[in-house]
Amino acid sequence: MLKISELASHVQDDVSFHVPQVVWYLLPEAWRGEGTHPGLIPLPRVEFLGVSFQLTRFMVLEVVAGLIMILLFVPLAIRMRQIGPPRGRLCNALEILLLFIRDEIARPAIGGKQADRFLPFIWNMFFFVLICNLLGLVPWAGSPTGALAATGALAALTLATVLVAGFKVHGFGGFWLALVPRMDIPGAIKIFLFPLMLALEIWGLLIRHAVLAVRLLANVFAGHFVLAVIIGFIGASAPAHLVVWGGVTVFSVLGAVAVSVLELLVAFIQAYVFATLSSIFIGMAIHTH
9 MLKISELASH VQDDVSFHVP QVVWYLLPEA WRGEGTHPGL IPLPRVEFLG
59 VSFQLTRFMV LEVVAGLIMI LLFVPLAIRM RQIGPPRGRL CNALEILLLF
109 IRDEIARPAI GGKQADRFLP FIWNMFFFVL ICNLLGLVPW AGSPTGALAA
159 TGALAALTLA TVLVAGFKVH GFGGFWLALV PRMDIPGAIK IFLFPLMLAL
209 EIWGLLIRHA VLAVRLLANV FAGHFVLAVI IGFIGASAPA HLVVWGGVTV
259 FSVLGAVAVS VLELLVAFIQ AYVFATLSSI FIGMAIHTH
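Count along the sequence shown starting at 1, add 8, and that's the number in the working numbering.
Hints in this document: simulated from the structure, not taken from any laboratory. Take these hints with a grain of salt, some might be off.
To be verified - Distance windows between CB atoms, simulated:
#	residue 1	residue 2	range
1	Leu80	Val23	24 to 30 Å
2	Phe108	Gly58	28 to 34 Å
3	Pro52	Leu79	21 to 27 Å
4	Ile277	Gly179	18 to 24 Å
5	Ala101	Ile193	21 to 27 Å
6	Gly120	Pro50	49 to 55 Å
7	Ile76	Leu201	46 to 52 Å
8	Trp211	Ala248	32 to 38 Å
We put the CB at the ideal spot given by N, CA and C, even for glycine.
Using the sequences provided together with the hints, build the complete structure.
This is how it looks when you write it as structure tokens:
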């Protein structure tokens, strides 16, 4: 029987990539590393500005996601600036997504021309989350958004943007004071309630962004874990009769295909939710109580 820890290892970060042994033997010997288990491609330690750190699978995939965004949008921007409206299916599809995020997410949540200042941030968040989610559907890759370190960093960037936007509009002190709604109550009671309400509002601000990270993490991790469990049924039924194993294999593959299609939809939905909530939080910082 497969253990839960063994299944979970397939949806966690690692210091190596796991590929089929057939592919592993075709790779250059320098890539395979000495003394590594067949099928594992170890990742090196990197020294940068005197700091040494271990590369992980999710780090590499995040860089890949960033490079994909550069390859997609830099030529599109150059083409639109020099030639005019984009042409071709890919360019038009990207333009539709960009306009959808601007007109249906950012502007309604943030408001008018103010939203255009934050569009680059919202666009980057949407497409980075989307591409990371889609990389999780690539065999033997992984989804960086299935790790709290990645989703927490994205949520922290949103929180920083919210604070900077609020400070710029209301001032440092004015932003924190504006978090508390106006209370038409006697002064003595207000002196007691105001600090309590301020503490609750600040705590709520932090919780909202923490939930932003956990929501994305939970949805992505759960989907990949379900896939791992379904595929794990094949190995778990291997000792059984050939007919039983064959039946389990067929239904497991069909179930994995169905869940993968659902995960494709979830990849877009979670990117949409993350961009929408980020826009709402920014709008709340600008337009306080």
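Evaluated hints:
1. Leu80 to Val23: 24 to 30 Å: For Val23 against Leu80, whose Cβ atoms are near 29 Å apart, the range 24 to 30 Å holds.
2. Phe108 to Gly58: 28 to 34 Å: 44 Å, violated
3. Pro52 to Leu79: 21 to 27 Å: 24 Å, holds
4. Ile277 to Gly179: 18 to 24 Å: 37 Å, violated
5. Ala101 to Ile193: 21 to 27 Å: 54 Å, violated
6. Gly120 to Pro50: 49 to 55 Å: Holds - the Cβ-Cβ distance for Gly120 and Pro50, about 52 Å, lies within 49 to 55 Å.
7. Ile76 to Leu201: 46 to 52 Å: 50 Å, holds
8. Trp211 to Ala248: 32 to 38 Å: Between Trp211 and Ala248, where Cβ atoms are some 53 Å apart, the hint is violated.
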